[in-house]
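Novice: We have chain A; now place chain B onto it with these hints.
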Amino acid sequence: GAVVSQHPSWVICKSGTSVKIECRSLDFQATTMFWYRQFPKQSLMLMATSNEGSKATYEQGVEKDKFLINHASLTLSTLTVTSAHPEDSSFYICSARDSRIYGYTFGSGTRLTVV
Amino acid sequence: AQSVTQPDIHITVSEGASLELRCNYSYGATPYLFWYVQSPGQGLQLLLKYFSGDTLVQGIKGFEAEFKRSQSSFNLRKPSVHWSDAAEYFCAVGAVSNYQLIWGAGTKLIIKP
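Those protein sequence lines, which keep their order, are chains A and B.
Take the first sequence: its letters are residues 7 to 121, numbered as in my numbering.
Take the second sequence: its letters are residues 6 to 118, numbered as in my numbering.
If you are wondering where the hints come from, they were derived from the structure by calculation, not from laboratory data.
Note that the Cβ used here is the ideal one computed from N, Cα and C, for glycine as well.
Worth double-checking, as some hints may not be accurate.
Stated by the list, open to error - Partial list, computed: chain B residues near chain A (C-beta under 10 Å):
#	residue
1	G48
2	K54
3	F56
4	W88
5	Y104
6	W108
7	K113
Chain B extracted, bound-state conformation:
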């Protein structure tokens, strides 16, 4: 079955520290992978996406993610977080057959001053 797992419900990091949010997927074909961010009471904003090619993908706001096929992972990273990065982060797999997104449960990022 197709699924996306974000094992961490919430993560707390200090401002200026590095960040890694984990995402594992189960999908039968080569996946289209996405990371979205959602601030409280807001819609979702695309951070980055992977379709093919270079497995290290650069996104907006200084985020990057690395696709590792052998580990079925697409972890999101940022070298130095800012207080404004506090939000909910969602990983998703795009199903080519019907264009639906399969969502992870989300990881809430908390920034310590």
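For reference, chain A alone in the conformation it holds in the complex:
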């Protein structure tokens, strides 16, 4: 079945530094990828939708200059949290849409802790 690899699984970084999270579709081409943020005991909050080769579409309230999304190929999308601050600490999950079927496969998530 469709597999999405998300890396790293967890990361601790210092305030002010940048962190890159990768999301790869391993056995299918993902024309659309989604980035979510999940706060403890809450549902997923869609941050942005990225389509291969074009600029990401950000949800209202999400700072595009802070959360840089690149979807340069059909199998890779990256989320870079720039100048991270403690309030950016969260669980980030990517999802890739499998265009062969109407389906979504999720990465295993990245726990970001900013100290």
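Specialist: Just chain B now, kept in the frame of chain A:
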């Protein structure tokens, strides 16, 4: 407005007992419906989905869900839960226009020994 409601924030059932998790949706067209499960600190795993056809859908791990258009519901069921089923369960509607998922708030399933 499009929305998904999971009325139960958490549910506690005894191991071996039956389970039903509720999901109601509001969507203008025929919905694509999904149930996902999330274990602590993990990503989401698809349990089952409904696009069309038979309104009773079978999924993985012994789960099933029934689409009831008249009630705008897509409840998840399992005849006998196992301790390993303890997790957070999310219902979602797929928007055909932009392929985004509209999420419910989730239901946390607690299993009593």
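Novice: Now, for every hint given, state plainly whether the structure supports it.
Specialist: These are the hints, each one checked on the structure:
1. G48: OK, holds: B/G48 within 10 Å of chain A, min 4 Å.
2. K54: holds (7 Å)
3. F56: Where the cut-off is 10 Å and the nearest Cβ of chain A is about 6 Å from B/F56, the hint holds.
4. W88: violated (21 Å)
5. Y104: Holds, because the Cβ-Cβ distance from B/Y104 to chain A comes to roughly 5 Å (cut-off 10 Å).
6. W108: holds (5 Å)
7. K113: holds (8 Å)
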